[in-house]
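Peer 1: What follows is each chain in one-letter form.
Protein chains: 2
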Amino acid sequence: MTKRKFNFFPGPATLPLPALEKARDEFLDFEGTGMSVLEISHRSKPWQKVMDDADALVREVMGVPSDYKVMWLGGGASSQFYMVPANLQVPGKPMEYVNTGGWSTKAIKEVELYGETKVIASSKEENFSYIPADVEFSEGAAYAHITSNNTLYGTEWNYEPKVPSDVPLVCDMSSDIMARKANVKDHGVIYAGAQKNLGPAGVTLVIVREDLIDRVPENMPTMQKWSTHVAKGSMFNTPPVFPIYMCKLGLEHLKEMGGVKAMEKLNREKAKILYDVIDSSDGFYKGHARVDSRSLMNVTFTMETPELENKCVDEAIPLDLIGLKGHRSVGGMRASIYNAMPIEGVKKLAKYLTEFKEKNQ
Amino acid sequence: MTKRKFNFFPGPATLPLPALEKARDEFLDFEGTGMSVLEISHRSKPWQKVMDDADALVREVMGVPSDYKVMWLGGGASSQFYMVPANLQVPGKPMEYVNTGGWSTKAIKEVELYGETKVIASSKEENFSYIPADVEFSEGAAYAHITSNNTLYGTEWNYEPKVPSDVPLVCDMSSDIMARKANVKDHGVIYAGAQKNLGPAGVTLVIVREDLIDRVPENMPTMQKWSTHVAKGSMFNTPPVFPIYMCKLGLEHLKEMGGVKAMEKLNREKAKILYDVIDSSDGFYKGHARVDSRSLMNVTFTMETPELENKCVDEAIPLDLIGLKGHRSVGGMRASIYNAMPIEGVKKLAKYLTEFKEKNQ
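Chains as they are written, first to last, in this note's numbering: chain A, 27 to 387; chain B, 27 to 387.
So here's chain A without its partners, still in its complex pose (with noise of 0.2 Å):
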């Protein structure tokens, strides 16, 4: 077998080496079964285990509250983006946005059909390098959405906004779930496409508050309604099962990590190391996000010229350091350090980043 590399890839990103060998070991033959686990029909018994132990290991993870529905859909955090309006419109009450990156761009796009759209802040003007201070929405808002952690961009919000009591806040979490303590009952709905931090592609984490199930209007077609999903326990028609079995599996190893908290810890630790290599490299590296928005989860920075840049991406790979080229929209370097990224890893990064500023400065 290959050397197993040290993978900075945005999404689909890398998975802990605990899961995945599982997964391995039993694919062929899941718990006894005599079949792989994609093979088995959703309505046995041993996949409504896998679906009963993932929705309490979720619970047990974030601290869901008991008046909180959790759902597995398949169509990506991008089907959401069309799901959150279609689902939570009001008549007469506009829905609110605030715009921190090509993620919040893409879902405001889709919220016009539904009704008016207001966007109440936004760091475009800045190429999306900060998120917006003192973000305050509105009263009779139908709902608040903002964007926790910014992929192209690497900005995190570290505060949260203020929200009347009445107007649910809806979260896109796709890049930091579990990454850090989430206060669920702060908010409505939480959504997160799995592909980042929780597991692999083709799934969608979606938590919403019990009394948001049934706003939606009579008149949806009944896949694009959360509660034809919450009825059903996420198997009103086929789920994607592999994806929601391998992220049970990985949230068996965040739980044996020590889960969130210890997870945040980590992620700190991670994230600091690599920006102080930034910070103390004397503008060799250019952070793209402002220090005050800078993101656990992505680390983006910039060089003198794209040719540094690109040496720096090539010379990284046959150190097994993988993935590292930045998103077109801010250009340079982008080391994605999601949960499943050993310290290790990132070590290993700063010191060829360090070797790499002496070498060419």
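In short, the hints are calculated from the structure, not lab data. Take every hint as true, because none was put in to throw you off.
Note: identical chains are not told apart, hence a pair may lie in one copy or across any two.
Restricting the straight-line Cα-Cα distance to at most 30 Å, the calculated cross-link-like pairs of lysine-lysine (DSSO-like) are:
# : residue 1 : residue 2
1 : Lys291    : Lys377
2 : Lys211    : Lys188
3 : Lys48     : Lys29
4 : Lys71     : Lys383
In this text, all values refer to a predicted model and were calculated from it rather than measured experimentally.
Following the hints, position chain B against chain A.
Peer 2: Frame of chain A; chain B shown alone:
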């Protein structure tokens, strides 16, 4: 390892063993990348090759003409139930359906939100035990929709309905795609959830004739437009990578087995073995489907009493014959014998049913 079972589940269903073994063997290291196929970026070259190969294999195996596009989408065939009318509606033109079972019924339910719906034929009054004869769709319909195989009832279209040349025929082939020759050029759209005859749950194959892609109204959410996904090669958003990868491995295996032609021959042989047991049982086993409408994929039958049926299902389990309980809408037993079910499994089941009859009649 436990002995591999013969798995007659209707979906998720048995998969080709060589495909499962290959996936397991490279699970931690995909083609020397040092990463799992679950972990590589969907923008990376190794992943693009998987997508390209899957596209080419579908085209080769099914004989897809060059003016058709192939998509791999999340959200299940149940999402296509609304995406079909969302994308193909024409103001003032009715959307015509034939109702041949539970899935057709669910598909029809979603259409009314988009315009006038006409059910031009149905076998509901006889518990969907047959495919209506001489079906002829109307001039001036927006499109014509059929469900080629009916998993719950064990019926399958054994003739082509008459469709006016300017009316696109839309076919839900979820449970018999690639089980027998389909003339793609006679269709406007073919769609199929993967988890019965194509791969694991979590992805839906959609094949659309080019001229139909841009029929969709402007005011439709981005993710609901086929045009969005066609324009980006099914990667507008992160695709369900593992389900697509497993489909690709399954398609490679299908090609090695001789393609759809060889598979159809084998499927006819497999189905005949079981229908012969039913027909020669002097009424001990009663086939649900009318003889002219019998499915090659799902063999449904009942017995004198539910007690006897349960006994027959239960006593099969220790013989490694799994998943034979019928759907509640028919009761009795159902043997799902998709492409990946080896003929040895069918022969073993036939032998068991013959012996069970001898002991219990």
